[in-house]
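*Asks:* Chain by chain, the residues:
2 protein chains.
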Amino acid sequence: MGKISSVSPFAPVALARLPAIEGVAFATAEAGIRYKGRPDLLLAVLDKGTSVAGVFTQSKTASAPVLACRKNLKKGKARALVVNSGNANAFTGKKGREAVEMTIAHAAEAVGCKPNEVFVASTGVIGEPLDAGKFVRLLPGLAKRAEPDAFEKAARAIMTTDTYPKLATRKALIEGTEVTINGFCKGAGMIAPDMATMLCFIFTDAAISADVLQALVAEHTETTFNCMTVDGDTSTSDTCLVFATGDAARRGQKSITNAKTNKLKDFSAALEDLMRDLAIQVAKDGEGLSKFVTFEVEGAKSWRAARAIARACANSPILKTAIAGEDPNWGRVVMAVGKSGEAADRDKLAIWFGPHCVARDGERAPDYNEKTVAAYMKNRELVIRINVGVGKASATVWTCDLTHDYVSINADYRS
Amino acid sequence: MGKISSVSPFAPVALARLPAIEGVAFATAEAGIRYKGRPDLLLAVLDKGTSVAGVFTQSKTASAPVLACRKNLKKGKARALVVNSGNANAFTGKKGREAVEMTIAHAAEAVGCKPNEVFVASTGVIGEPLDAGKFVRLLPGLAKRAEPDAFEKAARAIMTTDTYPKLATRKALIEGTEVTINGFCKGAGMIAPDMATMLCFIFTDAAISADVLQALVAEHTETTFNCMTVDGDTSTSDTCLVFATGDAARRGQKSITNAKTNKLKDFSAALEDLMRDLAIQVAKDGEGLSKFVTFEVEGAKSWRAARAIARACANSPILKTAIAGEDPNWGRVVMAVGKSGEAADRDKLAIWFGPHCVARDGERAPDYNEKTVAAYMKNRELVIRINVGVGKASATVWTCDLTHDYVSINADYRS
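Note that the protein sequences, when read in sequence, are chains A and B.
Residue numbering for the first sequence follows numbering that gives the first Met the number 0, starting at 0 and increasing by one per position.
Residue numbering for the second sequence follows numbering that gives the first Met the number 0, starting at 0 and increasing by one per position.
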C-alpha cells in the first residue's frame, strides 16, 4: 500500500494569486492551540458597512461557533472574522459557548465594533474544550498589523490536514463597475486525525445588501459545495460566509438591495463559478485520494433527483473502492442508482465511462470492450455519465475514490 | 496490511445443526454458472399447500428474479425455489426476464406445479446475461433426488464469497403443537469481486396462511435485516422468503389465518429471533471486517429516528475506519448523530464505549480516561451506546468496521 503521499496528486502547480480587496485585511498568528510552529489563528478586519451572509452545516450537533454565526447573521453586518484551526469547539457544552463569547468580546474590542458584528469559525478536534484565553490576548496585535494583500497567508492559517490551500478569484461587472470576488476554503469532509470541516470565506468589494447576498450564497451552495463529497460524512462545523465591503460604491457602484435584479447577473455567475472552483479544489484534496471523479446524471425527473442519484454514486464505498482499483465496475453504478430511491427506468438506463458507453437500454452495451474501458480507468480524472431515462433534468457531483490511504489516514493513526 | 484472511474471525466454531422439516427437500448441483468445482444451483421442493411470503430490495433497479417473485407472491403458494449463485441476473434487460421465465417453466415441469408456484433468486455478477439453458436441464434430476436433511448443503450452494454458511434453527409452540423454523442466508451487502446480495430463505412446518406470514416477515425484517449493514450499499437482489409447508397440521396444529391472534406470539418471537441471528451472522461475515460493532441508540423521539441515528453511525466511513484503528474517536459519533438529521439534544447527548461513559451532558465526561477506553477498543466485539436525550425510543443496529481488507477485496481485485 506504500507510504501516504504528503500532497494530493491534484495539488495545483501554482496557487491562484488573489488581489487585495478594498476594505479587507488579514493577520495571522501562531497561537499554539493544537499545532506547534505554524499559524493557527486568523483575524480578518472588515470595513464599516460590510454586509455578510452565510450558510452552515445541517448537522443537529452543530458547533458553538456555527450557532453564534447564525445569531449574528440576523443583523447582516460584519467587521471582524476570527478563525482558529486545531480545535473545532464542537460538542463542548457550556464551555464552548463561553469560549465563543470571550473570542467575540475581545475581537469586538480589538477592532472597535459591536459583538454582533464579529463572526467566528473553528476547525479541528471535536469535544475538546477550546481554551480561548490562549489566543484572545493576541487579537489587539493582529488588528493593528492586519494587511490587505494576505489571502494566501489567511488560507494557510485555517488548514488542518489539507495538503494545499484552496484559493480562487473572479472579476465581475455590476452596472459597469468592476468588482472583485476572492475566496478561500479548507477541508474535505472529515480529515484525520480528527473531525474536520469545510470552511469557506468569500470577500468582495461589491456593494450588496445582506439579504441579497444571502439569497445568492444559499442558491449557489446547492450547486457547488452541496454537489461535492469526499466520504458523505457531514461535519459539525461546515461554514460558508460571504462578506461584501461595499467599497466599490466609492468607484460608483450603486448598492444592490434587490435579489431579483438583472444587474447582478454577472456577479452571481462569477460567484457561483468561484464557489464551484473552491468545491472542486476541496474534492481534489480528499483524504488519500488517487482519482478525482465527476458523476454526471441526466434524464432524471428533477434536478434534486439527479443530484440524489449522483450523490448515491459518489458516496458508495463499494463503487469508490472499485474506482480506486481501476475496475470499470458499472454493475456498482447500477446498484447506486437503484439505492438512491429516485425514479429511474431500468430498461432505459445508460452508463458511460468517459467517452465509452458501457451499458444502454437496461443492459450491457453490445459493443462494450472491457479492455478499452479498463484503459480509460487508468486516467487520474474520470467522468462517469448516467442517463436514467425518466426525464430531462441533470446534475453533476464531484468526488474522489476510496483508497487504502483513506483507511490508513483514519484508522492507522492513533491520536 | 497483510494477507486477507480467508475466513471471518467471527465464523462460528460449529455450524448450527438444522433438523429436517416436513414438506421441505433440497438438492444442489455444480452447474458451472461462474464458479468451477463447487455447487452453484439449489432446488428446494415444497409440499402441496405450502404458503409463502417475502420481502425484497427497495432498489429501483431490482433484478429480474426479484420482479418475478413479487409477481408470484400474489398467489401466496409455493412448490419450488430455484437459486443460483455466480450471476445476479440483474440489469440484464429482456434476456434477464427470459432467463427467469425459462427457469420457472422448467422447474414447474420438474416438480409438477404451476409456474406461479415457483420462486427464484440469483446472486453474483451484475449485468452479465444469465444463460439459464446451462442449468435448467439439471432441474428434473434435482427434483428426483431432493432430500430433507440437507440445509447445510443448501446454504453452501448459494454462497458467493461468504466465508461461512449462515444457518439458524428455532422451535416454537402454536396452541401446544411444536413447530420448527429453519433459515439460511448468504451475503453481506456487496461482496467482491462483484455485487452480491442478501438472500435469506426460511422454512417452517407450521400451518400459517400467506397473508399472516407476510405480516410477520415484513414486521420482523424491519428490526432484523434492516438493522444490519456492512457498507450501506443496497443490492439489486435482496430477498427474504419464508415458506410454511403446513405439515404440522397433521400433528394437530390448526391453521392460523389471522395475523392479530395471540396464538402466534411464540412463533412470531421465534421467527424474529431466528431472523436476528441470521442478520448478525451476515454482519459478522462483512467484507474484510476485524470487529463486529453494535450501535445502541436510546432516548430518541421514535424507533425510526433511533434506527436512523444508529444507521448513520454504522454507515459512516470515517467512524468505521476509526474503529478499525481501535481509536475511541467519539467525536465521530457526535458527527454521525448530527448528520442523521434526526432530533437530538446536543446538551444532553451521552455516549458509552462498552461500559465506559465517554461523553455526557453534551461534552466529554469529566472522568473520561483515554487509556481505559483505548483498551476497550481492542476487543473484537464492541458496543457503542448513544443517548440522544429527546425521548424514550431505542433501536439497535449491527455492523462491522471498515478496514484495509475491505479496500483490498473491492479495489485490488480486477475481475
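Hints listed in this document are in silico derivations from the structure and should not be mistaken for laboratory results.
Every value quoted in this text rests on a predicted model; they were computed, and no experiment measured them.
We treat Cβ as the ideally placed atom computed from N, Cα and C, and that holds for glycine.
Among the clues, some could well be false.
Stated by the list, open to error - In silico DSS-like pairs for lysine-lysine, Cα to Cα no more than 30 Å straight-line:
1. A:K370 - B:K94
2. A:K94 - B:K259
3. B:K113 - A:K94
4. B:K93 - A:K347
5. B:K94 - A:K391
6. B:K70 - A:K70
7. A:K94 - B:K347
8. A:K347 - B:K94
9. A:K133 - B:K259
10. A:K93 - B:K259
11. A:K93 - B:K370
12. B:K370 - A:K133
13. A:K347 - B:K73
14. B:K94 - B:K259
15. B:K370 - A:K35
16. A:K300 - B:K70
Unchecked claim - Partial selection, computed: residues in chain B whose CB lies under 7 Å from chain A:
17. G48
18. G92
19. R96
20. T162
21. D232
22. T235
23. P316
24. A323
25. V333
26. M376
27. K377
*Asks:* Hint check: B:K370 vs A:K35, CA-CA at most 30 Å. Holds or violated?
*Replies:* 24 Å, holds
*Asks:* So if I understand the rule, the pair passes when the alpha-carbon distance is 30 Å or less; does A:K133 with B:K259 pass?
*Replies:* Roughly 65 Å between the alpha carbons, so the hint for A:K133 and B:K259 is violated.
*Asks:* Quick one, is the B:D232 hint okay against chain A at 7 Å, beta carbons?
*Replies:* 5 Å, holds
*Asks:* Between A:K300 and B:K70, is the straight-line Cα distance small enough, at 30 Å or below?
*Replies:* Holds. A:K300 to B:K70 sits at ~27 Å (cutoff 30 Å).
*Asks:* Does the CB of B:V333 sit less than 7 Å away from some CB of chain A?
*Replies:* 5 Å, holds
*Asks:* Compare the distance between the alpha carbons of B:K93 and A:K347 with 30 Å, and conclude whether the hinted pair is satisfied.
*Replies:* 12 Å, holds
*Asks:* Does A:K347 pair with B:K94 here, judged by a C-alpha cut-off of 30 Å?
*Replies:* Within the cut-off at roughly 14 Å; holds.
*Asks:* Would you mind confirming whether the straight-line C-alpha gap from A:K93 to B:K370 stays at or under 30 Å?
*Replies:* 26 Å, holds
*Asks:* Does B:A323 pass the interface check with chain A, least Cβ-Cβ distance below 7 Å?
*Replies:* This interface hint holds because 4 Å falls under the 7 Å limit.
*Asks:* Going straight from one Cα to the other, do A:K370 and B:K94 come out at no more than 30 Å?
*Replies:* 24 Å, holds
*Asks:* Interface hint check: B:G48, Cβ to nearest Cβ on chain A, cutoff 7 Å. Holds or violated?
*Replies:* 35 Å, violated
*Asks:* Given B:T162 as an interface hint, is the shortest Cβ-Cβ distance to chain A below 7 Å?
*Replies:* 17 Å, violated
Checked against the numbered hints listed earlier, the structure breaks hints 2, 3, 6, 9, 10, 14, 17, 19, 20, 26, 27; every other hint is satisfied.
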